[in-house]
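Protein chains: 2
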Amino acid sequence: MTDRREFRDLATPDAAREAIASLDLAPDPETVPLADARGRVLAERIDAAIDVPGFDRASMDGYAVRGRDTFGADEADPVELDLVGAVHAGAAPDVTVEPGTCAEISTGAVMPDGTDAVVMVERTDEVGDGDRPDRIAIRTAVAPGDHVMSAGADIAAGGRALGPGTRLTPREIGLLSALGIDEVPVEGTPRVGIVSTGDELVRPGDDLDPARGEIYDVNSTTIAAGVEEAGGEPVFYPHAGDDYDEMERLLRRAADECDLVLSSGSTSASAVDVIYRVIEERGDLLLHGVAVKPGKPMLIGRLDRRGSDPDESGSDAGESGSDAGESAYIGLPGYPVSALTIFRTFVAPAVREAAGQPEPATSTVEGRMAVTERYGEGRLRLMPVGLLDLDSGTERPPLVYPVDKGSGATTSLVEADGVVAVDPDTEVLDAGETVEVQLFSPDVRPPSLLGAGEDDPAFNRLLDRLAAPRYLPVGSREGLRRLRDGVPDVAVVAGPTSRDVDSVVLGGWSREWGLVVPEGNPASVDGLSSLVESDLRFVNRPPDSGLRRSLDDALDRLAERRSVSKSDLTARIDGYERTVRAFESPVRRVTAGDADAGLGLRETAERLGCGFVSLGEQSVTVRAAPDRVDRDAVRELAALLDDPGADDPVGSLVGYSWDRSPDL
Amino acid sequence: MTDRREFRDLATPDAAREAIASLDLAPDPETVPLADARGRVLAERIDAAIDVPGFDRASMDGYAVRGRDTFGADEADPVELDLVGAVHAGAAPDVTVEPGTCAEISTGAVMPDGTDAVVMVERTDEVGDGDRPDRIAIRTAVAPGDHVMSAGADIAAGGRALGPGTRLTPREIGLLSALGIDEVPVEGTPRVGIVSTGDELVRPGDDLDPARGEIYDVNSTTIAAGVEEAGGEPVFYPHAGDDYDEMERLLRRAADECDLVLSSGSTSASAVDVIYRVIEERGDLLLHGVAVKPGKPMLIGRLDRRGSDPDESGSDAGESGSDAGESAYIGLPGYPVSALTIFRTFVAPAVREAAGQPEPATSTVEGRMAVTERYGEGRLRLMPVGLLDLDSGTERPPLVYPVDKGSGATTSLVEADGVVAVDPDTEVLDAGETVEVQLFSPDVRPPSLLGAGEDDPAFNRLLDRLAAPRYLPVGSREGLRRLRDGVPDVAVVAGPTSRDVDSVVLGGWSREWGLVVPEGNPASVDGLSSLVESDLRFVNRPPDSGLRRSLDDALDRLAERRSVSKSDLTARIDGYERTVRAFESPVRRVTAGDADAGLGLRETAERLGCGFVSLGEQSVTVRAAPDRVDRDAVRELAALLDDPGADDPVGSLVGYSWDRSPDL
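Protein sequence lines, in the order shown, are assigned to chains A and B.
Per our numbering, the very first residue in the first sequence carries number 3; after that it's consecutive.
Per our numbering, the very first residue in the second sequence carries number 3; after that it's consecutive.
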């Protein structure tokens, strides 16, 4: 392994920003049809080339008159004028209005020669023959200009309509339409090549072989979506392995075709090494390693284009000049949350600037720390955090809590809403302290409800009935601990619990649990004793889970009956320590033939076609923090627990029944 | 004219909302590729179908070991283990680690059989032959599970990944990728047909004949952009004239193809009448006329689809069932600001809901009224307002000022940022009062600088150097008046002024003005006397303009010299009262042959190829309100006036020179 990866001289975050600012990733302006211009940014000023309106225009339905002919007219003493014709919108007037006459006119029509005002139809009467009136009684006086928009009064030819840098929303598109413009000069869209590296990566949708260590490529799609959001156009390149020649070919192709090349994906040192060598040999490495956590292995540089390489292209240097000889390059860290954080913090602003797009108004929010957080590594930390908007509609900032699931967890992507930049000098963020959260996307919204606790299929279905909840399936014990620490609104607790946490029970149900076995129960498992006595491969759940707690209680009772210690029993269970994370996981091990028995629910066993040996029922309760019971989303959940309505998400599950006991 | 247009029974705004809510415009959910899913909304819950990671995964580069083999190891007393092989990311392990041995492992690789922890490479040393070390010294103890992410630890198969209704931002797309999902079920995109009506409308880009009263179609493009912004797909239909059969055919084609049909465009009563008849005869009119200003003539209804009409289609009723027999229909008012206001207030929420999209966080802002506004018509008023964010970065809400340029002005589209809904019972909004502004688009940002006053080509070029300014070319006199009333930051004042308004002069220049005549000056105009004495067709500027003020002063002096009254002189100028709006307008009248002389600048005359007879120079000053001089944008403007840098926007114009006199 090379020592390059040790990043002995880390650059400061500011140096990284400067290095990125020194890169040129702005594309040339382009012209787009007006219909495609929404969200784009004007590259130059637009002046009106025509008068709007282009003619003196009636702004009411009524009669076009000479204002002075109506002077003195009122309800009691109308003036009568000869009707000489009519003018409609979209037609050239074919009448001339002499003194003492008038013409019928529609809103939007051209004022006929001789007229300077319009009398609203409501202030007139037809006089004479009913079918073809030839005189009009005018019951009000109008001044010249009344109910007329004169030519150019809206905007005149030569007037400044929109300035450069204007972002085109529907209203600007409206004004451009009024000027007859159907193509607009806008800032170009930076093309951002995404090169995904690492032998282990598989594109979503393709088959995965976990035994070979394959995982789905998360970064390419995540970063591509971020590029789009920042106003760039993502361009995907095929996965590159860790081979130098292949990587070189791919990076230079991307450099030829794009304004910026991002590499991302692999966490393996060898892939990073290969990229490092390509950039050093075929480009210009500006910076390697930044004092920021996460993101240390960030690379910033330039990549030569093939067209600029004399030994490859000779004099045929392509359409662009010498400054087109290179593309910007940024290497992102491999873990998804790290990659998105570094993209959000360092790269997205550069893409936005190149696209001429302003920073979105909603890209940061203020919040207050829910818990105290300590840190002391002496480099900038971009701490992933979740948000909970406790007092929506009030001025109180949302609650901010750290999300630290460890590097590499992709679920942190949706459990965190953004990052707080913690200064290298800051060692403690106190609970209650105000912090600024840089949201992962301007579209990120805090969840309506935050829950934590047991992983339960009925609760999952209840969550579907709520708008934008967030639930962390951390197990019953950990859920209660977090409730006590003041972060979630509710905890879901299954089975017996020793923790005494102040909470309000919103509702609950019971679920049947036991041993999940292959279909037909081939080993004739009939209870816990089979597990202890037969040579069964068992799969357990972790200690935080409510199911495990019930199993341990049952083992305690069995040990007591047999007058042995519990550890005597567990030592005889092959797989007691083999724990898997979710409620379905043990069942899936059984169906895959990797285990003879697993800890699980009747619901899951039956749904996945397994046999089931019941060991009992356990209660599941939904508990709210006492100071959160009045929140809208908590009330909504409580109401749902009280009356789930049609298609009962709890009662309709096998082995489930509502617990309506009064002490709940 | 029919009396339908008088809307005798106006519905309440709430009744209009209810009528729209009763329409079904939600399309069916659809499945889209993940790459196109950004911004869409999940139609159903997504559970994990696989464990992530799919295997026990090394989360560091180092050596895979049995944790218990390292117990007791430390820097002083390392443990040595036999190196039996290596495992890389993306490869199946081909080693088994027996007690006392270890294997090199890369981040992301599969933990080989027999191992349960990773020792970081930094805490190890190679022992033995330099080229091919066969033993590794371990300088730290690790516990089972250290630096290993176990299978399913991120998310396990069966776990709830994302709930229905989740909006897909980059991070959700990341999690879906991790699950291997490349297609997602999302809420459908409502198709919104836009039928533009009125004989007078011409599509932007086509030729316009103003003499026939033609204008460009503003509403279609504006509303289409609004539909896109709300999550719908706009579908344009060809312009319809005022013919019943053509309109019927068009509306029913749109109903066949869309979830919602909007008609919009014409302000003429006859087009509205035709639509009204089509809806009554070929659909179902729910509501006609709403007590809201603007927007009274709103129509809400349903349109039969042709497929549902037995005498047209017989039994061949098409692919969809009976509920597919109609489409929702809403008729918008004809004036652009009215149409966008009604769309924003009543229609966009329905389109968003049909698309499953939440209301954008930035769709409303709080502001405080800059001026007192009176109103008393007894119906809901949606008052167009502009915003000015005086204290960006602070908690003070932005300044809100009414924009009332009269119905039909398309420039109001960009001069107003949104609307304030003024309750029918509210007769006065006091200056300083807090109001809620519904922005026209979530992307609308208040301008950085608000200016008002003289229309001047040099100032237009200065504006191009500022980010997001707004300038209202209302004339010098009106600009000063508004500065006094506390709305704009700066006023641009040309020529003599009688107003005494407390202001700080930021800088200024002088510009040469006079009479613009055809090229070569065929009538040999040599000054004001020619205007008075010859039979020239003159074009003037309005009294608010600084140019007009200088002309009037010069006429005063001429009258004095001749011992006549000024009105004696002006009565002899053919066209003294013929005023046009912008500084280029008189010049354009001259070039078009519609006038023999016009009031204008040497700059404009020379640029547009006209002759010019100088009448003098006038000063132009940029004046700031005293309480605004410290605003960033005002300072920036002042700096620019002080030192415009290269490509001087003032000094480079013909007839212009900077005024650097010390009293400025």
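Hints in this document: simulated from the structure, not taken from any laboratory.
Don't be surprised by glycine CBs; every beta carbon is placed ideally from N, CA and C.
Treat each hint with caution, since some may be false.
Some chain A residues judged to face chain B by a derived CB distance under 7 Å, without partners named [as the list claims (entries may be wrong)]:
id, residue
1, 142
2, 143
3, 147
4, 165
5, 201
6, 217
7, 427
8, 431
9, 433
10, 436
11, 584
12, 608
13, 611
14, 613
Now the hints, each set against the structure:
Contact between residue 142 of chain A and chain B, as hinted, is not supported at the beta carbon level, the nearest pair being about 17 Å apart and thus beyond 7 Å. About 19 Å separates the beta-carbon of residue 143 of chain A from the nearest beta-carbon of chain B, more than 7 Å, and the hint is not met. At its closest, the beta carbon of residue 147 of chain A sits 11 Å from a beta carbon of chain B; the interface hint therefore is violated under the 7 Å criterion. At a threshold of 7 Å, the smallest CB-CB gap from residue 165 of chain A to chain B is about 6 Å, leaving the interface hint in force.
Interface restraint check: residue 201 of chain A against chain B, minimum CB-CB distance 3 Å, threshold 7 Å, status holds. Using the Cβ-Cβ criterion of 7 Å, the hint placing residue 217 of chain A at the interface with chain B is satisfied: the shortest such distance is roughly 6 Å. Hint status for residue 427 of chain A relative to chain B: violated, with the closest Cβ pair at about 23 Å, above 7 Å. Below 7 Å, beta-carbon pairs count as interface contacts, and residue 431 of chain A has none with chain B, the closest being about 22 Å; its hint is therefore violated.
At a threshold of 7 Å, the smallest CB-CB gap from residue 433 of chain A to chain B is about 23 Å, leaving the interface hint violated. Because the closest C-beta pair between residue 436 of chain A and chain B is about 13 Å apart, greater than 7 Å, the hint is violated. Interface restraint check for residue 584 of chain A: the shortest CB-CB distance to chain B comes to about 3 Å, inside 7 Å, so the restraint holds. The restraint placing residue 608 of chain A at the interface with chain B is violated, with a minimum CB-CB distance near 14 Å, outside the 7 Å limit.
For residue 611 of chain A, the suggested interface contact is broken, since its CB lies about 14 Å from the closest CB of chain B, more than 7 Å. A least Cβ separation of about 18 Å between residue 613 of chain A and chain B goes past the 7 Å threshold, and the interface hint is therefore violated.
Hint compliance for this structure: hints 1, 2, 3, 7, 8, 9, 10, 12, 13 and 14 are broken, all remaining hints hold.
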